[in-house]
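S.K.: The lines below spell out each chain.
There are 2 protein chains.
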Amino acid sequence: MNKPAKIFKALGDETRLRLANLLLQTDREICVCEMVDALELPQYQISKHLTILKNAGILQASRKGTWVYYRLDDESSPFWRDFLKVLGRHLKQQAFVDDAAKLRQRLALRQNGQCVVGFVAATAIKNKFRTKKAAKNL
Amino acid sequence: MNKPAKIFKALGDETRLRLANLLLQTDREICVCEMVDALELPQYQISKHLTILKNAGILQASRKGTWVYYRLDDESSPFWRDFLKVLGRHLKQQAFVDDAAKLRQRLALRQNGQCVVGFVAATAIKNKFRTKKAAKNL
DNA sequence: ATTTTATATGCTTGAAATCGCATATAAGCA
DNA sequence: TGCTTATATGCGATTTCAAGCATATAAAAT
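Top line first, the protein sequences correspond to chains H and B.
Note that the first sequence ends on residue 218 in my numbering; no numbers are left out.
Note that the second sequence ends on residue 218 in my numbering; no numbers are left out.
Simulated from the structure, these hints should not be mistaken for lab results.
Be a bit skeptical, because a hint or two may be false.
What the hints assert, rightly or not - Quick list of simulated restraints, FRET-style, between CB atoms:
1) B:K144 to H:S142: 51 to 61 Å
2) H:P122 to B:V196: 39 to 49 Å
3) H:Q185 to B:N82: 21 to 31 Å
4) H:K128 to B:V166: 25 to 35 Å
Unchecked claim - Per the computed footprint, the stretches of chain B lying under chain H, defined by three or more beta-carbons under 8 Å from a beta-carbon of chain H, are:
5) 91 to 103
6) 161 to 170
Cβ atoms here follow ideal geometry from the backbone N, Cα and C, with glycine treated the same way.
Using the sequences and the hints, build the whole thing.
M.R.: Now the structure itself:
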């Protein structure tokens with residue numbers, strides 16, 4: 081598949097568009113657990129969809145210790161970078177706005193601009209990947 | 081599915097993107113058989129994909145006698161109209177040029193700006209919907 | 001070293017999308 | 001009316017895709 085079709089296909093999924101939205105609204109690197117908390121979806125889903133977005137050339141990943149941060153691919157063509165910027169400004173539907181709000185709350189937990197906690201309560205339970213640390217916070 | 085995801089999904093298919101490209105490059109109404117000849121794909125495929133694009137709110141159809149013409153949906157939001165325009169300019173620089181060239185050849189067969197023939201030779205054979213009129217031209 | 005935590009991935013299942021073919025519908029024409 | 005042509009659509013077969021669950025990997029912490 082050529083690149084444009086691949087990019088559209090990647091964005092043609094509700095969850096992946098929500099993920100892209102998170103990055104478009106904040107314009108910085110976001111780590112996986114932060115997205116898990118923002119969208120309240122199981123961790124494996126987030127991971128898989130991020131992989132698809134990455135393979136489409138929309139995102140890049142970089143590991144920092146245990147955490148993996150994703151950002152918009154800054155090596156993609158100017159056209160697609162601009163396109164995504166403009167798209168970000170037009171995702172005004174409530175769902176997208178809510179996601180972004182929840183992400184901002186979650187980002188408040190950072191220290192020195194770094195993510196320092198995994199996913200928390202509600203999502204953790206849903207994931208059954210609930211950590212002991214998160215359990216204590218219940 | 082929300083609208084943006086729906087539109088992206090529709091464009092996330094090679095054939096449908098090629099169809100959209102035809103309309104973007106010529107910026108006028110194109111009828112089904114002309115697209116069949118431009119893309120050299122079976123008529124039923126073209127029809128089905130056009131329906132999907134129409135349902136996504138990207139295209140509009142209008143029948144004129146036996147022929148059905150498709151055009152970009154001019155009732156869609158300003159954002160999506162602009163977006164498609166910009167996309168068209170981008171696709172022009174990439175592949176998709178051959179399709180557009182073939183379409184232009186095909187459009188040369190029009191009379192008074194109207195399509196007056198069905199699909200012709202090569203494509204017609206592939207379709208097994210070969211008309212007697214087209215057969216004579218072989 | 002062992003355990004804990006963050007992230008990724010293999011596998012199965014069900015749903016959805018696509019294709020190919022046949023045929024239906026709609027409209028013009030003899 | 002009956003035939004021809006343009007377009008659409010129903011259906012079965014095949015493929016693609018996402019969800020769900022379990023588990024693997026990678027890196028820290030104890």
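S.K.: Can you give the numbers of the hints that this structure goes against, from lowest to highest?
M.R.: Structure breaks hint 2 only.
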